[in-house]
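Asks: One letter stands for each residue in the lines below.
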Amino acid sequence: MAEIMSLSEAVTANVNDGDTVALEGFTHLIPFAAGHEIIRQGRKDLTLVRMTPDVVYDQLIGAGCARKLVFSWGGNPGVGSLHRFRDAVEHDWPSALEIEEHSHAGMAARYVAGASGLPFGVLRGYVGTDLPKHTDTIAAITCPFTGEQLTAVPALRPDVTVIHAQQADRHGNVGLWGIRGVQKEAVMSAQRSIVTVEEIVDELNPRVTVMLPSWVVTAVAEVPSGAHPSYAHGYYERDNAFYQAWEDISRERDSFDAWIDRHIRNTRDFSEHLALVREEGVVMA
Amino acid sequence: MTATLDPPSTKATTDEIMTVVAARELKDGVVCFVGIGLPSTAANLARHMHAPNAVLIYESGTIGAKPTRPPLSIGDGELADTADCVVSVPEIFSYWLQAGRVDVGFLGAAQLDRYGNINTTVVGDYDHPKVRLPGAGGAPEIAASAKQTFLLLRQTPRAFVEQLDFRTSVGNAEGGSSRSSLGMTGAGPAVVITDIGVLRPDPQTGEFVLTALHPGRTVDEAVAATGWPLRVSDDLTVTGPPTAEEISALRALTGA
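Which chain is which? The protein sequence lines are H and S, in order. For the first sequence, the positions run 2 to 286 when this note's numbering is used. For the second sequence, the positions run 3 to 258 when this note's numbering is used.
By construction, these hints were calculated from the structure, which means they are not laboratory data. Quick caveat, the model's predicted, so the values are computed rather than measured. Cβ coordinates follow ideal geometry from the N, Cα and C atoms, glycine included. Every clue listed holds true.
Chain H stretches covered by chain S per the calculated footprint, using a threshold of three residues with CB under 8 Å from any CB of chain S:
#1 120-128
#2 181-193
Computed cross-link-like contacts, DMTMM-like style, restricted to lysine to aspartate or glutamate with a CA-CA straight-line distance of at most 25 Å:
#3 S:68 - S:93
#4 H:69 - H:99
#5 H:69 - S:127
#6 H:45 - H:255
#7 H:69 - S:167
#8 S:132 - H:249
#9 H:45 - H:253
#10 H:134 - S:176
#11 H:45 - H:20
#12 S:132 - H:131
Using the sequences provided together with the hints, build the complete structure.
Replies: In structure tokens form, the structure reads like this:
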């Protein structure tokens, strides 16, 4: 059964230095509050897994939490580059970042294999591209029934997966709706999981389309607006102005460091962070 | 509906011409897997003009999305609100794309070669990149499994290169029959639409050839913007200029 606790307790209990950690959410329900708490608690040497490392992983990488990144698309959606990700790959700042690079279809197949208890996933993919030359976790395989050449990718099995959802009930059953991404597979492929939610309710909303029973979740923490600047369908919109502002905040190391110190390391929790962001009025929150 | 525009605003920008010409390539009822940016704008313009029954699929899992404005990201809430259905990311790539249910994949790129192979991964050496780009995303499997792909990018010597720094997604491979020997289910790139004109593949060699220029653009400009010796079709045509209706619908979409 999932234990309901504070986000700070959930991260302390479940995210260790050196762990393989997946924060999922496909543009919707991105667990920013949990990412911030990992930075606040100073976790290091993490292998970060995520299909679309966007601003939340730019923050984790720039803050020095990551040793390795497993991913398929790293950018600021609709805006441009992730400057901290690029600085780490191009100039080893703040430290070298090993990368294991896939396509979306490959990452999805890897999560499905992990959630299914299989050693690998199979797909028609990567053939004729340069990805297999640089990524060891892509291998050709022959179908034993038809003789077709296909591609195998190993299962992902994170030590801990972190997602954000709209609701949990008082037993820790989790419900989400809207764009659902790969969160169910990411939770079910992991050893442990943390789910932050907009609110804990007596009864889950009937709009729920993805349901994770309490007994497949490790910890649930109530963090209102915990996906900001991403969005939570039915609760608040995507803060596009923040994504655009991130371009300037993150471009230089100094401005990035100052932002992380002021807005994450020197705030007690996500609600204080949000209050600060709102007070500065730089971005809508 | 007859749109009337003040003379200064009737002049379309190069991005607008590209988007309008790309939109015209989409037939009504087409099932189109759409990337963000210009492809998304073009697909939505087509839906508002001649292709009201086009089915737009975004990789976030929204099938039949009908956004009123082009979204900033491929997972904006409006896509889910207006979609016929919302499925998981593993499902969109397996049941819908890989199984062959997508007619057209609409892609952009940082680099393109003469065979329509594209790079969205790195500029320079992979281990010591000059510029680290976002990476593959959904593109390799869209390029492999969509029945055909349309490519949309600005034509410059930095983008239209003799040799890709990294092959992220396969077009006509090394030309000739090399793509079909890779066992892909989709036919590959059918058209490249740029700010200068339109390129289509030579049916024998698979090499992209300039087949049309946008009004006012020249062959010399196209050749100068291409990093390989660009072949020009004997039947070179000129694309129809954007109509007032197209420009007005496009500006209503983008808020320009």
